Amino acid sequence: LKKGGKKKKKATSNLITVNKLAFRNYEVLEKLEVGISLVGTEVKSIRDGKMNIRDGFIKPNPNGRSCTLMNIHIGKHASAGEFFQHEERRPRPLLLHKQEARRLLQKTDWQPG
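Offset between the sequence shown (1-based) and my numbering: plus 44.
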């Protein structure tokens, strides 16, 4: 116990989910930690465990300034009304630096030779 009788907090990870199937089926050469732009009901659904990233992939935009997370399923939140619900498989913008997006675009540009 610390002074004042307060318990010391344990370090917690902000990791929500991991795509284990991708690590099994593909060779992962590099990991990148980015944020996802979400709406309120999506955050609540993810906290309830209603997220499936099995078929998801990242698509760099052709302008090289941003990337989009495609084909991710986030289920609807149970206690929110129909007006406030989100689309379950909508493209979600990723929050990353412009240089990282350009680097991903260069790595995915494949020209047949």
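I should point out that these hints are in silico values taken from the structure, not numbers from a laboratory. Computed from a prediction, not measured in an experiment: that's the story for all the values here. Be aware that one or more of the hints could be misleading.
No farther apart than 20 angstroms at their CA atoms in a straight line, the calculated lysine to any residue pairs in the SDA-like style are these [stated by the list, open to error]:
no.	residue 1	residue 2
1	Lys-88	His-141
2	Lys-64	Ile-90
3	Lys-103	Leu-140
4	Lys-94	Asn-63
5	Lys-94	Pro-135
6	Lys-142	Ile-90
7	Lys-103	Arg-133
8	Lys-151	Leu-59
9	Lys-64	Thr-85
10	Lys-64	Pro-106
11	Lys-88	Glu-144
12	Lys-64	Ile-102
13	Lys-142	Ile-97
14	Lys-88	Lys-142
15	Lys-75	Glu-144
16	Lys-94	Glu-144
17	Lys-75	Leu-65
18	Lys-94	Thr-61
19	Lys-120	His-141
20	Lys-64	Arg-109
21	Lys-151	Lys-88
22	Lys-103	Lys-120
23	Lys-75	Leu-139
24	Lys-142	Gly-93
25	Lys-120	Val-87
26	Lys-120	Asn-105
27	Lys-94	Pro-106
28	Lys-75	Asp-99
29	Lys-103	Asn-58
30	Lys-94	His-117
31	Lys-120	Pro-137
32	Lys-151	Glu-74
33	Lys-75	His-141
Evaluated hints:
Straight-line distance between C-alpha atoms of Lys-88 and His-141 comes to about 26 angstroms, which puts the hinted pair past the 20 angstroms bound. A threshold of 20 angstroms between alpha carbons decides the hint, and for Lys-64 with Ile-90 the separation of about 17 angstroms falls inside it, so the pair holds. Distance restraint check for Lys-103 and Leu-140: the Cα-Cα separation of roughly 13 angstroms lies within the 20 angstroms cut-off, and the hinted pair is therefore satisfied. For the given pair, Lys-94 sits about 14 angstroms from Asn-63 by alpha-carbon distance, which is consistent with the 20 angstroms threshold.
Between Lys-94 and Pro-135, the direct Cα distance comes to roughly 17 angstroms. Compliance with the 20 angstroms bound is thereby established for this hinted pair. A hinted pair counts as satisfied when its Cα atoms are at most 20 angstroms apart, and Lys-142 with Ile-90 does not qualify at roughly 27 angstroms. For the given pair, Lys-103 sits about 14 angstroms from Arg-133 by alpha-carbon distance, which is consistent with the 20 angstroms threshold. The straight-line distance between the Cα atoms of Lys-151 and Leu-59 is roughly 25 angstroms, outside the 20 angstroms bound, and the hint therefore fails.
Taking the CA atoms of Lys-64 and Thr-85, the gap is about 25 angstroms. The hint is violated against a cut of 20 angstroms. About 29 angstroms separates the Cα atoms of Lys-64 and Pro-106, which puts this hinted pair outside 20 angstroms; it is violated. Between Lys-88 and Glu-144 the CA atoms are separated by roughly 28 angstroms; this puts the pair beyond 20 angstroms, and the hint is violated. With a C-alpha separation of about 16 angstroms, the suggested pairing of Lys-64 with Ile-102 holds against the 20 angstroms cut-off.
Only pairs whose Cα atoms come within 20 angstroms are accepted, and Lys-142 paired with Ile-97 is rejected, the gap being roughly 24 angstroms. Note on Lys-88 and Lys-142: the hinted pairing is violated, with a Cα-Cα distance of about 29 angstroms set against a maximum of 20 angstroms. Taking the CA atoms of Lys-75 and Glu-144, the gap is near 12 angstroms; set against the 20 angstroms cutoff, the hint holds. This hinted pair does not check out: Lys-94 and Glu-144 have alpha carbons roughly 29 angstroms apart, beyond 20 angstroms.
Under the criterion of a C-alpha separation no larger than 20 angstroms, the hint pairing Lys-75 with Leu-65 is consistent with the structure, at around 15 angstroms. A distance of roughly 11 angstroms separates the Cα atoms of Lys-94 and Thr-61; the hinted pair therefore holds under the 20 angstroms criterion. A threshold of 20 angstroms between alpha carbons decides the hint, and for Lys-120 with His-141 the separation of about 30 angstroms lies outside it, so the pair is violated. At most 20 angstroms may separate the alpha-carbon atoms for a hinted pair to count; Lys-64 and Arg-109 exceed this at roughly 28 angstroms.
Annotation: proposed proximity of Lys-151 to Lys-88 is violated, straight-line Cα distance about 34 angstroms (limit 20 angstroms). Of the supplied pair hints, the one linking Lys-103 and Lys-120 is violated, its CA atoms being roughly 24 angstroms apart against a limit of 20 angstroms. Proximity of Lys-75 to Leu-139 is assessed by CA-CA distance (about 15 angstroms); at most 20 angstroms being required, the pair is judged to hold. A C-alpha spacing of about 30 angstroms is found between Lys-142 and Gly-93, which places the hinted pair above 20 angstroms, so the restraint is violated.
Restraint check for Lys-120 and Val-87: the C-alpha separation of about 10 angstroms stays at or below 20 angstroms, so the hint holds. Using a Cα cut-off of 20 angstroms, the hinted pair Lys-120 and Asn-105 is violated, with the two alpha carbons roughly 27 angstroms apart. Only pairs whose Cα atoms come within 20 angstroms are accepted, and Lys-94 paired with Pro-106 is rejected, the gap being roughly 31 angstroms. Proximity of Lys-75 to Asp-99 is assessed by CA-CA distance (about 18 angstroms); at most 20 angstroms being required, the pair is judged to hold.
Only pairs whose Cα atoms come within 20 angstroms are accepted, and Lys-103 paired with Asn-58 is rejected, the gap being roughly 24 angstroms. This hinted pair checks out: Lys-94 and His-117 have alpha carbons roughly 8 angstroms apart, not beyond 20 angstroms. Only pairs whose Cα atoms come within 20 angstroms are accepted, and Lys-120 paired with Pro-137 is accepted, the gap being roughly 19 angstroms. Annotation: proposed proximity of Lys-151 to Glu-74 holds, straight-line Cα distance about 12 angstroms (limit 20 angstroms).
Under the criterion of a C-alpha separation no larger than 20 angstroms, the hint pairing Lys-75 with His-141 is consistent with the structure, at around 15 angstroms.
Violated hints, listed in ascending order, are 1, 6, 8, 9, 10, 11, 13, 14, 16, 19, 20, 21, 22, 24, 26, 27 and 29; each of the other numbered hints is respected by the structure.
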